[in-house]
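A.B. asks: What follows is each chain in one-letter form.
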Amino acid sequence: MAEKIKARVMDAAKIKRSLDRMTTEILERNRNLKNLVIIGIRTRGIYLGKRIAKLIKDLENVEIPVGVLDITLYRDDFAELETQHMVQKTEIDFPISKKDVLLVDDVLFTGRTIRAAMDSLFDLGRPQTVQLLVLIDRGHRELPIRPDYVGKVLPTSKREVVQVRLTEVDDVDEVLITEPAELK
Amino acid sequence: MEFKRRHLLGIQELEVSEIMTILDTAESLSEISTREVKKVPTLRGKTIINLFFEPSTRTRSSFELAAKRLSADIVNFSQQTSSVVKGESLKDTVLNLEAMNPDALVIRHSCSGAPHFVSTFCRSHVINAGDGSHEHPTQALLDALTIRQHKKNFPNLKVVIVGDILHSRVARSNIFLLQKVGASVTLVGPPSLLPPEFGQLGVQIAHNLDKALEGADVIMMLRIQRERQKANYFPSLREYRNLYCLTRERFRLAKKDAIIMHPGPINRGIEISSEMADSVKSVILKQVENGIAIRMAVLYLLLGGKERETAD
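Keeping their order, the protein sequence lines are chains F and S. The first sequence: position 155 = 211 (this note's numbering), numbered continuously. The second sequence: position 41 = 59 (this note's numbering), numbered continuously.
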């Protein structure tokens, strides 16, 4: 499907700078790093989570465990989806009960993904706290959810699509605003 | 890869890509059964009826647990306690159950083709849980998952299936599946239970187990179905055991890293010695474990997503 690129809002340097800043904020807020675990939401949240774990390791020399969460089974629109989503593995091989969990995702939009992620999380244990980090907050929330750490607030129209591309999967670090081609 | 089928009636009509989608989905879902809370909300509000016209513990409870782990509601129906004993026909039974608005029917029946017949007139998704001596698709899928976990790749694998091939729906489904994915299949059994017609499926036919086991990667033992043996397909159980029982001596003829499979229930000391059934080479209980993941995957793929208009 052809799509129009409307703007390139972040490049590799900007992404790096926001991750650096958010890492500092995480360190400021979480005195007890030993209790912190990072859980990335598939797919790009995993890589953002891993990058933050690496930054914390470099700054504080503390190894933060990183888990992977697949929210497909917890979607609230499961029965209405036109196309089926492949379920992928949730890989969290450490206990999350009584931990400070940092949920990481690339784009925060309606808030439904985060709702699903939290439901999924509570089936795995009872965290002490849950914090949310997103690279992009594009607005249009449909649920009472707000992020604790934001890379960039990006006002968008509902029609637009925000694409976060990361070198780990897309060979480039950038954030684009695109619009699907007009259907004629 | 999207799974577009409405029913799961057999392996024969599946494409390789569909088989792989089921196996991959099962692999992802298997983690749920290891959690403390073994349940996800995915199929909440869906109703599934287990319709078993033949006795079964493993398959029925496996489907039941699979449905429950996905939060679907499941009702068990068995022939002994139903109106079937009062003479109700299969079609009437199904129509009556359908009036209760289920989303899927899991059917086991002693007549080959019964699930296919039901799928021609019912609204629900139909899953074949074993029909006569035709197919048992979820068993072949869980066997394939087990093989893939131990052997990584299917092409060039030598799989030996031993025993009562004639009556075995498990064997048929496995033959179809293994051939599609490129494994080489050798069938072994007495001529009365392994008629030469099976050669037309493109598999090797052998009557001597010792010879057939040479170079085997996977040994799949089938149960001697004593309830179907009234017609005397072989002279005695003792003779069968002497010729076809998997013993430690015979197992040495296969590859060193060969695995032993059995769809259960096993007759210890008839088709497989107790020692081999319990040995480290046996993956029989892993098969049972994988059964739940496979059935979760099938329910997920059939019942998930929007109702599709067209029936296949």
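The hints are simulated quantities; they were obtained by calculation from the structure and are not laboratory data. Cβ atoms here follow ideal geometry from the backbone N, Cα and C, with glycine treated the same way. A hint or two may mislead.
[What the hints assert, rightly or not] Restricting the straight-line Cα-Cα distance to at most 30 Å, the calculated cross-link-like pairs of lysine-lysine (DSBU-like) are:
id : chain 1 : residue 1 : chain 2 : residue 2
1  : F       : Lys145    : S       : Lys56
2  : S       : Lys104    : F       : Lys145
3  : F       : Lys154    : S       : Lys64
4  : F       : Lys155    : S       : Lys56
5  : S       : Lys299    : F       : Lys145
6  : F       : Lys145    : S       : Lys57
7  : S       : Lys57     : F       : Lys154
8  : S       : Lys64     : F       : Lys145
9  : S       : Lys56     : F       : Lys106
10 : F       : Lys154    : S       : Lys170
11 : S       : Lys304    : F       : Lys145
12 : S       : Lys56     : F       : Lys90
13 : F       : Lys155    : S       : Lys169
14 : F       : Lys106    : S       : Lys57
15 : F       : Lys155    : S       : Lys64
16 : S       : Lys229    : F       : Lys145
17 : F       : Lys106    : S       : Lys170
[As the list claims (entries may be wrong)] Pairwise CB distance ranges (calculated):
id : chain 1 : residue 1 : chain 2 : residue 2 : range
18 : F       : Asp114    : S       : Thr52     : 30 to 36 Å
19 : F       : Val228    : S       : Leu271    : 52 to 58 Å
20 : F       : Leu115    : S       : Glu54     : 45 to 51 Å
21 : S       : Asn171    : F       : Asp114    : 50 to 56 Å
22 : F       : Asp76     : S       : Glu54     : 34 to 40 Å
23 : F       : Glu84     : S       : Met38     : 44 to 50 Å
A.B. asks: Hint by hint, which ones does the structure fall short of?
C.D. replies: 2, 3, 10, 13, 15, 16, 20 and 21
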